[in-house]
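**Q** Spelled out, the chains give:
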Amino acid sequence: MKDKVRPTPRPGMVLAVDRSTPPILFHHGEGFRTERLPAGRSRIIYPAEPLKGLEDPEGAIHHALLNPINQDPLPAQLRPGMKLTIAFDDISLPLPQMRRPDIRQLVIEQVLEMAAAAGVEDVHLIAALALHRRMTEAELRHAVGDRVYDAFAPSGCLYNHDAEDPDNMVILGTTPHDEKVQFNRRAAESDLVVYVNINLVSMDGGHKSTATGLSGYQGLRHHHNVSTMQQSKSFMDQQRSELHASNWRMGKVLHDAGVKIFQIETTVNNNTFGVDGPLAMLQKREWEWSARDRAAFMGMQAGLKLSTTQMNRKIFQSWRAPYELTSVQAGEIEAVHKITTENVYAQHLVRVEGQTDILTMGLPYICPYNVNSVMNPILVMCLGLGYFFNLYRGRPLVREGGAVIMSHPTRWEFHPVHHPSYIDFFEEVLADTTDPAEIEARYERRFAEDEWYIHLYRKSYAYHGVHPFYMWYWGAHALAHLGTVIIVGGDAKAVQRMGFRPASTLQDALEIASDTVGSAPTITHIHNPPILMADVN
Amino acid sequence: MPTPQPTAVSIRELPLKFDKTLQVISEALAGRRLAITGTTGFLGTALVERLLRCVPDVQLVLLVRPGRRGADERIHREIIRNDVFDRLRHELGQTAFDQLCEQQITGINGDVGVDGLGLDNAGRDLISSCDIVIHSAAAVAFDNPLDTAVEVNLLGPVRLVQLLNEMGASPHFIAVSTCYVAGSRRGNAAEEPLLDGPMYVPLSWREEVEASRRRRITTETQSRDPACLEEFRNRARHELGAAGTPALAAKTEQLRSRWVHDQMVEAGRSRASSLGFPDAYAFTKALAETAVAETKGDLQVTTVRPSIIESTYSEPVPGWIRGFRMAEPIIIGYGRGLLTDFPGIPQGVLDVIPVDLVAAALCAVAARGPDPSRPVIQVASGAVNPFRFNQLVDLTHRWFSENPIYDDRDQPIPPPNWTYPGRGRVIRQLKRLRRGLDASERLLGRLPIRGRQAEISANLDERREQVERALGYVELYGAYTECEALFGVERLLELWDSLDDNDKESYCFDPRIIDWNHYVADIHLPTVVAQGRVKTEPTGRAGSSRQQRQRAQVLSPKRHLAAFDLENTIIATNVVVAYGWLATHRLPINERTRLITKVLLEAPSLLALDRRDRSDFLRHFYRRYEGAPVKQMAEDSRTMFSDLILTQAFPAAIRRVREHRAAGHTTVLITGALDFIVDPLRPLFDHIVCAELAQDHGTYTGHLASVPPTSESRAEVLRDFANAEGLSLSESVAYADSASDLPLLEAVGYPVTVNPEPRLAILARKRGWLIEHFDKAQGSPRKLLPISARQPT
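First to last, the protein sequences are chains D and C.
The numbering used here applies: residue 88 is where the first sequence begins, and numbers increase by one.
The numbering used here applies: residue -16 is where the second sequence begins, and numbers increase by one.
Treat the hints with care, as some may be off.
Said to hold, decoys possible - Chain C residues, not near chain D, derived (Cβ > 12 Å throughout):
{"hint": "1", "residue": "SER206"}
{"hint": "2", "residue": "PHE215"}
{"hint": "3", "residue": "CYS491"}
Unchecked claim - DSS-like cross-link-like pairs, simulated, lysine-lysine; straight-line CA separation at most 27 Å:
{"hint": "4", "chain 1": "C", "residue 1": "LYS234", "chain 2": "C", "residue 2": "LYS749"}
{"hint": "5", "chain 1": "D", "residue 1": "LYS580", "chain 2": "C", "residue 2": "LYS759"}
{"hint": "6", "chain 1": "C", "residue 1": "LYS759", "chain 2": "D", "residue 2": "LYS392"}
{"hint": "7", "chain 1": "C", "residue 1": "LYS581", "chain 2": "C", "residue 2": "LYS614"}
{"hint": "8", "chain 1": "C", "residue 1": "LYS581", "chain 2": "D", "residue 2": "LYS392"}
{"hint": "9", "chain 1": "C", "residue 1": "LYS766", "chain 2": "C", "residue 2": "LYS414"}
{"hint": "10", "chain 1": "D", "residue 1": "LYS546", "chain 2": "C", "residue 2": "LYS487"}
{"hint": "11", "chain 1": "D", "residue 1": "LYS580", "chain 2": "D", "residue 2": "LYS401"}
{"hint": "12", "chain 1": "D", "residue 1": "LYS580", "chain 2": "D", "residue 2": "LYS267"}
{"hint": "13", "chain 1": "D", "residue 1": "LYS401", "chain 2": "C", "residue 2": "LYS766"}
Said to hold, decoys possible - Distance windows between CB atoms, simulated:
{"hint": "14", "chain 1": "D", "residue 1": "PRO167", "chain 2": "C", "residue 2": "GLN678", "range": "54 to 60 Å"}
{"hint": "15", "chain 1": "C", "residue 1": "HIS686", "chain 2": "D", "residue 2": "GLY586", "range": "42 to 48 Å"}
{"hint": "16", "chain 1": "C", "residue 1": "ASP421", "chain 2": "D", "residue 2": "GLY586", "range": "49 to 55 Å"}
Hints in this document: simulated from the structure, not taken from any laboratory.
Glycine included, every Cβ here is placed at the ideal spot set by N, Cα and C.
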């Protein structure tokens, strides 16, 4: 079922809070808070309404495959006897998972049809998950569809990338910056790699799809580190992101090593919670809530309160977003990615005048690393100070030395199967220090090369031992930039373990922040999700 | 008076002084040879110190039970090294002190508790060559078994006297007795031989000896009665659970011998009280006086009867004490709030005498020589300088109010207010409390609880032990606080008056000089508290410091090996749950429910079997795998690893295994679980010992290919492994959760209990083992039933 989308979606906006502004919705894990912001010195950034989806997604995909940018049409690149590898984005995209059929399924089915027509027999499909956890059978079926799964998985031709399989990883070269380029051997030895991407935010895609997604610790450590992250201002802005610069250098090495990549990038709109349906009010502006929205919201709040955390988690994790395809382009990576980024910006960018003293954010139940899982405290940090903080172009939304106030329950909870190294990182490393550089210097190697974590990454469904470090580095730019970080409504001990300050209400948090930013600070609330990116003057 | 010149003249030639005008004590004893028994005891050590320090060239022959080390070594370790000699050591310097000991102390192997004293000819000659024999050896514990008390206290002096008579020796024999030979009586108890006085109990001491020996034999026989042995075995099983045959056997035997001991203690107590004595000690001492009087022949005997001997008043230093004596446990129990009340007569006299006064009196008696007109001398305070029971309680209350003991949570413990009820009432109250605690403990023991809840059991047990101890104190010592006898000291004071000023200075035994307030508050209580090793100041980090220390020890690089149990130690699951998961994994939904229901219905009988014998249980339960395809089990187990095992794992336990490996220890998993189930855990351990099923044509037969390592066989497995690898078990660590793992835990030097079940929690607390509480990760997916996740269709 397709959701109805406004014919002329309104762009994002900045609302100056006055006395008539209603309480504002803050996401708060598997729940919500409504908060009044101080009138006269607060503003709220709202995302744009969902752009119109493509009328005929299958047709658009077909068109893109036949009319690629700076490359021959896909059928022309396929021939019998060739080795073809189709790599695709993993469970971390899009967020939340989208309704069936998933875009990857639509794209892969067409690629496979063309391959079959061309008589290609040696086809492998690889979930390009780098050091993320393996996808389960159910998750793979959701991403590629049952037909593809049943055709390829039983024969072992559809599988998860394994960055710790010594036989199936190769070093393809070194960049001028002395960065080793590690790559999946099957992909490296293929005549053609078709990469199927979903570009949810501007960080995704481009050379990062392959240079990161099909790499391993030997390659990733050159850009997944504190120094790179602190020099990426922001990592959502490719022009000023050292993370991307490094990936682009690696992309060149891949190209020079003869890896031929046919990049298919897609973008989706902002239709995260649906235009109608039970969560529709979450992507509406509060003063436009109808009586029905209000009643539904109050009912939902009451229901969530009565239910258990586990149950609420289950309910929210089962939400499938009615995302629609807004663009699809294929061909040579850099050219394709330019268009993709423009399309992402078209949906996400909101112009904002000047910085603020305090940035507030309500963190939702999901981030890229807890799909069907638990959002542990480290992921809370990563979502707030990594992703939300970096959703800016130009200058950070909050001034240097300012405060970030995040709202999230931040429970001392971890998924024992998905995040085993996170537990030890939290209990052992963060108990010692929260300084990213010190953590990197003293602990990273040990966790990264730990046999037990590697075993769990390869044989179970665990994120790699080094992954919690990357989560912490993701917030390194924010940690260096900010004066203080406060979490509202979180488990005090868990919050303190991370070096942040706990507050039970937003009012308390503002009071605490006044130590850092003075008594009448300016406040900006980033009303995310649906996703927005601030274009700060 | 001519000064004796010991270097020039043989000791034998020196005249003994019988005249009433006393020589200076040191001079009278100088160069004499004294045999002393009981010198490893409190009074004996004090006496040796005084003689060595004050009497020039005195020769001391010490009769000491050889033990494992021999008399000389024991004398060195247990007497000479004692801090009572610090003063002399300091005054002389270490070298001169060692020389002095070397020259003046001779040790002989002997035991007053056996016939012939266990002496060789040289020993017999040496003892009979002495001028003076002071017999101070005694079984002083108030709760000795009847026959021990009889052999040592009654027959000890008789044997000595017999030996001296046989050898034709006639030294001055000084027997240390006790004032309480007077029995639990009111009024005056004079310094006269029992035979002559009103305190004489007309008994044949020989019959009492025979009776006590017979009693030992019948009790030992009775304890081996099948019904009794059955009872002991049941109690052992209740205490340990399915700990395996050797552990249960050892426990059963321990319970049997403890029962015999208790019976003999009770026999002593009841025999003593039936004759009007407070306990077996006083009773046997009284018989001993009679027996010595009967058997002494021509031997000159003086009996010295001290009352309750406590820490030194001034010599060699104030407050010296050896071992925990009568009043100390009560005082510490009071300070810790354990004894909330105690029987006694508030105005009653508590007859206490500092040990240095007794030692000085003994020196004076020895120096004076035998005096047929004064065959008995009492060293007591009650008649001339009474110390009232309520005075002690008030002083102690005040002192503990100012210097409280701290509990585990760093809270000062307020001292209780005693109301001096009757002994019967206190005993009844305590017994009622004990019954209640017993019942609660039994109930808790039946509940399937573990970890922090099981700690309640340990707390209850601790409380029960406290009550038990309090009850013991009240039963044992209550008689003393209720004693209303007044022990006369006329002879003692006459002896005192005959001393010159110098002797009064250096051999003070006048009980009138004791300032009780000063003695209790400034001398005795500080000593007792220091000896009791109780917490006298808050430690700052409540409770945790000990645990942290133990953790550091366990993870020290010096350790060799770390052995782990699996179920409830590393993962919160068991073989039944794993079976449920594997059996349902490939079943349609309706059959899953049926199978699980069937297993659940069987749960109680399975649990009971498991409690009886773990091996039997596993053998029985694993029959269910009959016909299971080997390949499929391996494949499904890999899925189960993520779906069940890891979700039920304790992350802290896994971290601990890895910490051990990082510290360079060898890690071993010892479990009764099946090999294919634990296979995915292999990278965590260096070595895995588990159960294996026999195979036949690609399926499992349901029979075990090898005995699953359970209870005692776990300890064996570990021992074999350690031997093969050249590792030391005393430098090893073992982690387990249940009492059936006791042999494993006991096999290593560093046992750690994880989420212990009640029985193990109690044992761990008693033995001071490290107790860890490992939890599942908060956020773990919860499974109500052990059914595998539905397969995607």
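**Q** If a hint holds in the structure, say so; if it does not, say that too.
**A** Against the structure, the hints come out as follows:
With a minimum CB-CB distance of about 52 Å to chain D, SER206 (chain C) clears the 12 Å threshold, and the non-interface call stands. No Cβ of chain D comes within 12 Å of the Cβ of PHE215 (chain C); the nearest lies about 45 Å off, and the non-interface call holds. Listed as outside the interface, CYS491 (chain C) is consistent with that label: its C-beta sits roughly 62 Å from the nearest C-beta of chain D, beyond the 12 Å cut-off. Restraint check for LYS234 (chain C) and LYS749 (chain C): the C-alpha separation of about 15 Å stays at or below 27 Å, so the hint holds.
Taking the CA atoms of LYS580 (chain D) and LYS759 (chain C), the gap is about 18 Å. The hint holds against a cut of 27 Å. Using a Cα cut-off of 27 Å, the hinted pair LYS759 (chain C) and LYS392 (chain D) holds, with the two alpha carbons roughly 25 Å apart. The straight-line distance between the Cα atoms of LYS581 (chain C) and LYS614 (chain C) is roughly 26 Å, inside the 27 Å bound, and the hint therefore holds. Simply put, LYS581 (chain C) and LYS392 (chain D) have alpha-carbon atoms about 37 Å apart, too far for the 27 Å limit, and the pair is violated.
A hinted pair counts as satisfied when its Cα atoms are at most 27 Å apart, and LYS766 (chain C) with LYS414 (chain C) does not qualify at roughly 46 Å. At most 27 Å may separate the alpha-carbon atoms for a hinted pair to count; LYS546 (chain D) and LYS487 (chain C) exceed this at roughly 88 Å. Restraint check for LYS580 (chain D) and LYS401 (chain D): satisfied, since their Cα atoms lie roughly 25 Å apart, inside the 27 Å limit. A C-alpha spacing of about 40 Å is found between LYS580 (chain D) and LYS267 (chain D), which places the hinted pair above 27 Å, so the restraint is violated.
For the proposed pair LYS401 (chain D) and LYS766 (chain C), the alpha carbon gap of about 14 Å is at most 27 Å, so the pair holds. Evaluation of the 54 to 60 Å hint for PRO167 (chain D) and GLN678 (chain C) yields a failure: the beta carbon distance comes to about 46 Å. Between HIS686 (chain C) and GLY586 (chain D) the Cβ separation comes to about 57 Å, which falls outside the hinted range of 42 to 48 Å. Remark: the range hint 49 to 55 Å for ASP421 (chain C) to GLY586 (chain D) is upheld by a beta-carbon distance near 51 Å.
When each numbered hint is compared with the structure, violations occur for hints 8, 9, 10, 12, 14, 15.
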